[in-house]
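Trainee: All chains should be built: construct the whole structure from the sequences, respecting the hints.
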Amino acid sequence: MDSTPALDPDLLDKVTNLAKRRGFIFPSAEIYGGFRSTYDYGPLGVNMLRNVKQAWWRSMVQMRSDIVGIDAAILGPPAVWAASGHLETFTDPLVDCLKCKERWREDKIEGVCPNCGSDQFTEPRAFNLMFKTQAGPVEGEGATAYLRPETAQGMFTNFSNVLATTRKKPPFGIAQIGKSFRNEITPQNFVFRTREFEQMELEYFVPPAEAETWYRYWIKARYDWYLDLGIPGELLRLHEHAPADLSHYSRGTTDVEFAYPWGWDELEGVANRGDYDLTQHSNASGTRLEYYDQAANERYTPYVIEPAAGATRAMMAFLLAAYHEDVVEGETRTVLRLDWRLAPFQVAVLPLSKKSELEGVSEEVLSILRPHFMCDHDVTQSIGRRYRRQDEVGTPFCVTVDFDTLEDRAVTVRDRDTTAQVRVKIEDLLATLRERTSQG
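With my numbering applied, the sequence shown corresponds to residues 180 to 619, in that order.
You may find that some hints are simply not true.
Said to hold, decoys possible - List of simulated lysine-lysine pairs, DSS-like, C-alpha gap at most 30 Å:
1. K311 / K399
2. K348 / K399
3. K358 / K199
4. K193 / K287
5. K533 / K199
6. K358 / K311
7. K604 / K534
8. K232 / K280
9. K199 / K278
10. K347 / K358
11. K348 / K311
12. K278 / K232
13. K348 / K232
14. K193 / K358
15. K311 / K232
16. K358 / K348
17. K358 / K232
18. K287 / K358
19. K287 / K399
20. K399 / K533
21. K347 / K287
22. K232 / K199
23. K278 / K534
24. K358 / K399
What the hints assert, rightly or not - Restraint ranges, calculated between C-beta atoms of paired labels, are given here:
25. V558 / D189: 29 to 39 Å
26. D245 / L417: 21 to 31 Å
27. G509 / L417: 34 to 44 Å
28. T323 / D189: 43 to 53 Å
29. V507 / D189: 19 to 29 Å
30. G563 / E419: 15 to 25 Å
31. R602 / S244: 16 to 26 Å
32. E419 / V558: 46 to 56 Å
33. K199 / V601: 30 to 40 Å
34. D298 / D245: 44 to 54 Å
35. D596 / Q560: 18 to 28 Å
36. L417 / Q299: 36 to 46 Å
37. P184 / Q560: 32 to 42 Å
Simulated from the structure, these hints should not be mistaken for laboratory data.
All C-beta atoms in this analysis are idealised placements derived from N, C-alpha and C, irrespective of residue type, glycine included.
Mentor: This is the structure we're talking about:
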């Protein structure tokens, strides 16, 4: 077993505090005392979360010809969840502490109550994680519906629709990003485990004989995606599940794990689901969910390889990996070394003064950059303080408009990570930034 890299024991608190203070993530309904395990994404957080999802979508759909996307409904009838096995098997072991009466997920507490330290518990019982609700005005069994606990089932139930409308043939994939809901017993560790979260899932349908090859392919592809977006290799590892630990549908599962402040834990799972899902829904619905191979003149039920990631969990990992503290000009600074593709703002435009002539040039610069980058415009406090603010939220480049700009039509571009500064003509600014971000 790999050892966990030495991490700052206060890192989670530091990132949590920064997230609230700078507008990444707020406790939901805080003015009413909050609602456990729910969070709102603020002005910076919503930008970063969109960037995480966009980076995933670009990699999985935009840059490939073998994968298409859908956006399936959140609400679903009981028949879907009965066929998928969720109504029967989607459970966690629930125990009650006999001393303080707190409830816990048995497999996460190591025999000791985190609240009071007691080792006396009730016998574990299965707790279903599905959120149940009523659809329509009349309560009753016929109106029962469930909030989806994963996005996957909508891709399985739409298999025939996608096959018919896109004319794809295996191997091909269906991708989806969307909200999921799980009634977790013990939500914990900020946005790592919450009851409402966003998933980024791919269902990749393959000929059965090719399943193992594609399973290994997607393990590497998903691991490399995190590396490419800036998570250091020492903070990532692969964990292949032992046969005894596999889910009922899985023929093989490997987790991409991240070194969180509390230790190694799941970042993304890649599973070979076999033909379980299409077979279950085919049997339950009476609809044939197969692929007809004209060349071989045969029908078969494709196997499914599923890389499943949490968008909110991934954002948290990117924040933790990017958080650094260093010293610049004798002062300690906090800096988020986020990849420019993930940063809430890619560029901040900073006029040295609020004087109208500088503001006019700043607006001109913003009009040039905004079609290509998410930009911030900061005019308050000293330029040094503004640099520190942008460092703290991960902005890769600051563009300073000063009084010399009025004469030479040039601005100063500052790099977040090196703090190096270079003078650039306004007419060359876009090309310079596009080159530095490899857009051009």
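Trainee: Assess, step by step, whether the Cα of K193 is no farther than 30 Å from the Cα of K287, and give holds or violated.
Mentor: holds, 24 Å
Trainee: Can you confirm whether the C-alpha distance between K193 and K358 stays at or below 30 Å?
Mentor: Judged against 30 Å, a Cα distance of about 27 Å means the pair holds.
Trainee: Does the alpha-carbon distance linking K358 and K348 stay inside the 30 Å limit?
Mentor: holds, 28 Å
Trainee: Is the hinted range of 46 to 56 Å satisfied by the C-beta distance from E419 to V558?
Mentor: holds, 53 Å
Trainee: Quick one: are K199 and V601 within 30 to 40 Å, going by C-beta?
Mentor: The hinted range 30 to 40 Å holds for K199 and V601, with Cβ atoms some 34 Å apart.
Trainee: K347 and K358 were given as a pair; does the straight-line alpha-carbon distance stay at or below 30 Å?
Mentor: At roughly 26 Å apart (the allowed maximum being 30 Å), K358 and K347 satisfy the hint.
Trainee: Holds or violated: K278 with K534, Cα cutoff 30 Å?
Mentor: violated, 66 Å
Trainee: Would the hint linking K348 and K232 be met if the CA-CA limit is 30 Å?
Mentor: holds, 26 Å
Trainee: Taking 18 to 28 Å as the hint, is the beta-carbon distance of D596 and Q560 inside that range?
Mentor: holds, 22 Å
Trainee: Holds or violated: K399 with K533, Cα cutoff 30 Å?
Mentor: violated, 51 Å
Trainee: CA of K604 to CA of K534, is that 30 Å or under?
Mentor: It holds: about 21 Å lies between the C-alpha atoms, which stays within 30 Å.
Trainee: Return holds or violated for the Cβ distance of L417 and Q299 against the range 36 to 46 Å.
Mentor: Holds: the Cβ-Cβ distance is about 38 Å, inside 36 to 46 Å.
In this structure, the hints that do not hold are numbers 1, 8, 9, 11, 12, 20, 21, 23, 30, 31, in rising order.
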